[in-house]
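For reference, the chains in residue letters:
2 protein chains.
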Amino acid sequence: MELVAIGTVRSPLTDRAAAPKQGDEGAPEATLEFDAGVADALDGVASGDELLVLTWLDRARRDVLRVRPRDDPARPVRGVFTTRSPDRPNPIGLHRVRVVAVDGLHLRVRDLEALDGTPIVDVKPVLGGVDER
Amino acid sequence: MELVAIGTVRSPLTDRAAAPKQGDEGAPEATLEFDAGVADALDGVASGDELLVLTWLDRARRDVLRVRPRDDPARPVRGVFTTRSPDRPNPIGLHRVRVVAVDGLHLRVRDLEALDGTPIVDVKPVLGGVDER
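Going down the list, the protein sequences come from chains A and B.
The opening residue of the first sequence carries number 12 in the working numbering; numbering runs sequentially from there.
The opening residue of the second sequence carries number 12 in the working numbering; numbering runs sequentially from there.
What the hints contain is simulated information worked out from the structure, not anything from laboratory work.
There may be inaccurate statements among the hints.
Here are the simulated BS3-like pairs of lysine-lysine, each with C-alpha atoms no more than 25 angstroms apart in a straight line [what the hints assert, rightly or not]:
id : chain 1 : residue 1 : chain 2 : residue 2
1  : A       : Lys32     : A       : Lys135
2  : A       : Lys32     : B       : Lys135
3  : B       : Lys32     : A       : Lys135
4  : B       : Lys32     : B       : Lys135
5  : A       : Lys32     : B       : Lys32
Anything over 12 angstroms on all C-beta distances counts as not near chain B; from chain A, calculated [what the hints assert, rightly or not]:
id : residue
6  : Pro23
7  : Leu24
8  : Thr25
9  : Arg27
10 : Gln33
11 : Glu44
12 : Ala52
13 : Arg77
14 : Ala112
15 : Asp127
As the structure is a computational prediction, the values presented were derived from the model and not from experiment.
Glycine included, C-beta positions come from ideal geometry on N, C-alpha and C.
I would like the entire structure built from these sequences, with the hints used as guidance.
Encoded structure:
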């Protein structure tokens, strides 16, 4: 089960400690730079779309199974599968973003808390109701 | 970027063609069997929880970049990143499920359309509003 990078996050965020915990908690705009080999897979993506971006959180730890949610010392430790901590056995990031501009292989997006240089591994649409699929 | 399986889906669904396209379109109950090595990461998961389960869709094709959404011949082909097709460069499945029972390393869940034997790679909570995190 080998993931291939399909692109890279370009963001002003470079430091995990300074990054917001979620994209809707003050993340700056970022650019998704896709590899030319996946251009066809982007066909139909448009400004205004809400997308789920999956990343490989390459600066996370894979040997952490329990954490204090949001690094809050007042909260008890619990399993990472009940939290969005980047530290987990398979550090896949799941980010809900809004596309603000499309320029070929570059998507400008809002609400992405991933750090600069983070590999992108997948993109999916946000699912609407059953009638809209 | 090597994924490790942390568990396996056990489901009556064995045939991709017969499986529902999404979990809320008639999927049967299924069991998530986790490996003993990630028991601590499940600490806090409870019956009634809504979870996002990430899987490795091991029967998908990785060389498909454009598809007809929902295999509907009436719809034009478009990029896989605008669809939930399992065929995509990194075939990661994203499934929103409801936990109906917890028994040690086994979680019984509703609304999972993944096939029997599918490797599980991550579990995340559904995020509530900012105030609830």
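These are the hints, each one checked on the structure:
Proximity of lysine 32 (chain A) to lysine 135 (chain A) is assessed by CA-CA distance (about 21 angstroms); at most 25 angstroms being required, the pair is judged to hold. Between lysine 32 (chain A) and lysine 135 (chain B) the alpha-carbon distance is near 14 angstroms, which keeps this suggested pair within the 25 angstroms criterion. Annotation: proposed proximity of lysine 32 (chain B) to lysine 135 (chain A) holds, straight-line Cα distance about 14 angstroms (limit 25 angstroms). Simply put, lysine 32 (chain B) and lysine 135 (chain B) have alpha-carbon atoms about 21 angstroms apart, close enough for the 25 angstroms limit, and the pair holds.
As the CA atoms of lysine 32 (chain A) and lysine 32 (chain B) are separated by approximately 32 angstroms, the hinted pair breaks the 25 angstroms bound. Chain B leaves proline 23 (chain A) outside its interface by the beta-carbon criterion, the shortest separation being 21 angstroms against a cut-off of 12 angstroms. Distance to chain B confirms leucine 24 (chain A) as a non-interface residue, since its nearest Cβ pair spans about 18 angstroms, more than 12 angstroms. Non-interface status of threonine 25 (chain A) relative to chain B is upheld: no Cβ of that chain comes within 12 angstroms, the nearest being about 20 angstroms off.
Here arginine 27 (chain A) stays apart from chain B, with its beta-carbon at least about 17 angstroms from theirs, past the 12 angstroms limit. Non-interface call for glutamine 33 (chain A) relative to chain B: violated, since the shortest CB-CB distance, roughly 7 angstroms, does not exceed 12 angstroms. Every CB of chain B lies more than 12 angstroms from the CB of glutamate 44 (chain A), the least distance being 14 angstroms, so the non-interface label holds. With a least beta-carbon separation of about 4 angstroms from chain B, alanine 52 (chain A) fails to lie farther than 12 angstroms from that chain, contradicting its non-interface assignment.
Not every C-beta of chain B lies more than 12 angstroms from that of arginine 77 (chain A), the closest at about 5 angstroms, which undercuts listing it as non-interface. The Cβ of alanine 112 (chain A) lies farther than 12 angstroms from every Cβ of chain B, with a closest approach of about 16 angstroms, so its non-interface assignment holds. Listed as a non-interface residue, aspartate 127 (chain A) keeps its Cβ farther than 12 angstroms from every Cβ of chain B; the least gap is roughly 18 angstroms.
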